[in-house]
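Student: Go ahead and model the full structure; you've got the sequences and the hints to work with.
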Amino acid sequence: MWWNFGSLLGLCLATQILTGLFLAMHYTSDIATAFSSVAHICRDVNYGWLIRNMHANGASFFFICIYAHIARGLYYGSYLYMETWNIGVVLLLLVMMTAFVGYVLPWGQMSFWGATVITNLLSAIPYVGNELVQWIWGGFSVD
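Residue numbers for the sequence shown, in the numbering used here: 1 to 143.
The reader is advised that the hints may include incorrect statements.
Said to hold, decoys possible - Computed spacing ranges between beta-carbons, pair by pair:
| # | residue 1 | residue 2 | range |
| --- | --- | --- | --- |
| 1 | Gly-138 | Leu-80 | 41 to 47 Å |
| 2 | Tyr-81 | Ser-7 | 25 to 31 Å |
| 3 | Val-90 | Asn-4 | 29 to 35 Å |
| 4 | Trp-3 | Asp-30 | 43 to 49 Å |
| 5 | Ile-118 | Ala-14 | 23 to 29 Å |
| 6 | Gly-138 | Met-97 | 31 to 37 Å |
To be clear, the hints were calculated from the coordinates, so they are not data collected in a lab. Nothing here was measured: the structure is a model prediction, and the numbers come from that model. Glycine included, each C-beta is placed from N, C-alpha and C at the ideal position.
Tutor: Quick look at the structure:
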């Protein structure tokens, strides 16, 4: 099992892409209708609730496999291969950013406040942090 986390990551990624495509067929990205389109997927689309739950739980399982993959790499000293390790770190950051966007897409209360809190972390950057946050928000708050 210890050696299979890379393969499990590939399986998780394929599942996430497949369920994400099925969800995207019924999702509306407008701020006013995003939440109701997610409710429509869960209530009116055949097995939409199952696909959405598979997608949400698949993201959590994906991160479990990523952290186990990193732990194995740390244990066996894979960080000594700097180029490969750095590519893995960049991929981890990209996966985290993608997961954040996926968390915000339903645009419910948790999504709104998650977007507010996470983007507000950028205000800790000296000198340009507050301006960067306002630029990302498009104003003085997420709306």
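Student: Next step is simple, just say for each hint if it's right about the structure.
Tutor: Status of each hint after checking the structure:
1. Gly-138 - Leu-80: 41 to 47 Å: Between Gly-138 and Leu-80, where Cβ atoms are some 44 Å apart, the hint holds.
2. Tyr-81 - Ser-7: 25 to 31 Å: At 19 Å between Cβs, range violated.
3. Val-90 - Asn-4: 29 to 35 Å: Check failed, 23 Å falls outside 29 to 35 Å.
4. Trp-3 - Asp-30: 43 to 49 Å: holds (45 Å)
5. Ile-118 - Ala-14: 23 to 29 Å: holds (27 Å)
6. Gly-138 - Met-97: 31 to 37 Å: Check failed, 18 Å falls outside 31 to 37 Å.
Hint compliance for this structure: hints 2, 3 and 6 are not met, and every other hint is.
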